[in-house]
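**Student:** Just so you know, the protein sequences line up as chains F and A, in that order.
Each residue of the first sequence is one higher than the last, beginning at 1 in this note's numbering.
Each residue of the second sequence is one higher than the last, beginning at 1 in this note's numbering.
Worth flagging that the hints you see were computed from the coordinates, not collected in a lab.
Computed from a predicted structure; not experimentally measured.
The reader is advised that the hints may include incorrect statements.
[Claimed, not checked] For lysine-lysine, the following DSS-like pairs were computed, each having C-alpha atoms within a straight-line distance of at most 27 Å: (1) K71/A x K36/F; (2) K114/A x K34/A; (3) K2/F x K38/A; (4) K151/A x K78/A; (5) K34/A x K2/F.
[Said to hold, decoys possible] Partner residues are not named here, just some residues of chain A that face chain F (Cβ under 10 Å, in silico): (6) L106; (7) A140; (8) S148.
[Claimed, not checked] Here are the simulated distance ranges between beta carbons: (9) A87/F x K34/A: 31 to 39 Å; (10) A87/F x V63/A: 22 to 30 Å; (11) W109/A x P30/F: 39 to 47 Å.
Glycine is no exception: its CB is placed at the ideal position from the N, C-alpha and C atoms.
If you want the building blocks of each chain, they are given just below.
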Amino acid sequence: MKVVTSAFISAALVAVFVVGITIYGELYTPLKDWLKVNFSHHWVGKSVLSAILFLALFISFLFKTPNEKFPNFSLKLAFWLAIISSAAILFFYLYEVSLAH
Amino acid sequence: MTSVLAYNLIAHILLGLIGVIAFYAVWMILLKEKSALKWPKILAFVGTLSFFGSWITGGYYYVKFYGKAVKPVILSGKYPWAHTIITESKEHIFLLLPFLSIAVFLALWLLEDKIQSNNELKKWTAYLSGLIFVLGAIIAFAGVAISSAVK
Numbered sequence: 001m002k003v004v005t006s007a008f009i010s011a012a013l014v015a016v017f018v019v020g021i022t023i024y025g026e027l028y029t030p031l032k033d034w035l036k037v038n039f040s041h042h043w044v045g046k047s048v049l050s051a052i053l054f055l056a057l058f059i060s061f062l063f064k065t066p067n068e069k070f071p072n073f074s075l076k077l078a079f080w081l082a083i084i085s086s087a088a089i090l091f092f093y094l095y096e097v098s099l100a101h
Numbered sequence: 001m002t003s004v005l006a007y008n009l010i011a012h013i014l015l016g017l018i019g020v021i022a023f024y025a026v027w028m029i030l031l032k033e034k035s036a037l038k039w040p041k042i043l044a045f046v047g048t049l050s051f052f053g054s055w056i057t058g059g060y061y062y063v064k065f066y067g068k069a070v071k072p073v074i075l076s077g078k079y080p081w082a083h084t085i086i087t088e089s090k091e092h093i094f095l096l097l098p099f100l101s102i103a104v105f106l107a108l109w110l111l112e113d114k115i116q117s118n119n120e121l122k123k124w125t126a127y128l129s130g131l132i133f134v135l136g137a138i139i140a141f142a143g144v145a146i147s148s149a150v151k
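This is chain F alone, in the form it adopts within the complex:
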C-alpha cells in the first residue's frame, strides 16, 4: 500500500514542481540559463530534475507515509494537482503572449 501511496503523492508533487520550474524559469532568466548550461536544453533539465525528484520523493515517502487502508486521498491529490498544474501552465503561456501584444 505504501508503494502506491508514495507514487501518487510523488506524482502530485512533481506536477507542482513542473509548474514552479516552468513559470519561474520564464520569469527569472538565470534559472533557464542554468538549465541550458547544465543539461544542454532547459526542457532536458526540467525532465531530468522531475525524474530525480520523483524518485527521491517516492523513496522518502516509502518510509514516512502512514499505511492507509486505501490510498484514496493521495489518488485524489494526484488527480486534482495534475489538473490544476496543467491549467496553470496553459494559462501562464496565454498570459505571457497576451502581455506581449
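Based on the hints, put chain A in the right spot on chain F.
**Tutor:** Below, chain A without anything else, positioned relative to chain F:
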C-alpha cells in the same frame, strides 16, 4: 531532416498514441461496474512504457531539430502562438504523464484486490486514467496544430 530524426519523430508520435489509447482502454474498463483487472494491468504497463519511449524520442527530436529548424519558421509565420502557447504548454504538461501513469500502473498491479473491493478507489483510479487519456489526447492534437502551423 535526417532519417534518424524522421524515425524518431514517427516513434514519438506512435508511442504517444499507444500510451493515450492504452489509458483510454484502462479508463473505460475501470468504469464498468464489474471488471477483471487483467487487461487494465497489461494496458497500464504498455501505456507507461509507451509514454517513457515517447518522452525520450520526442525529447531527442525537440532538442536536435525542433528548436533549430521548426521553431524559427513558426515564429516568423502567420501563427507564432502555435509555438509560444501550444508548444510551450504541450512540452511542459507532457512531463506530468509518465509519473501519473507509473502511479496508476503500480496501483493496478499492487492493489488489484483492493481496487476490486473498494468502489471509491476504483472510481478514482478510473478518473486518473481518464485524465491521463484527456491530457495525452490534447497533447496529440497540439502536435497536429503545431505541424499545421509550419505549413
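**Student:** All the hints need checking, so say for each whether the structure fits it.
**Tutor:** These are the hints, each one checked on the structure:
| no. | hint | verdict |
| --- | --- | --- |
| 1 | K71/A x K36/F | holds, 17 Å |
| 2 | K114/A x K34/A | holds, 13 Å |
| 3 | K2/F x K38/A | holds, 22 Å |
| 4 | K151/A x K78/A | holds, 10 Å |
| 5 | K34/A x K2/F | holds, 26 Å |
| 6 | L106 | holds, 5 Å |
| 7 | A140 | violated, 14 Å |
| 8 | S148 | violated, 18 Å |
| 9 | A87/F x K34/A: 31 to 39 Å | holds, 34 Å |
| 10 | A87/F x V63/A: 22 to 30 Å | holds, 26 Å |
| 11 | W109/A x P30/F: 39 to 47 Å | holds, 42 Å |
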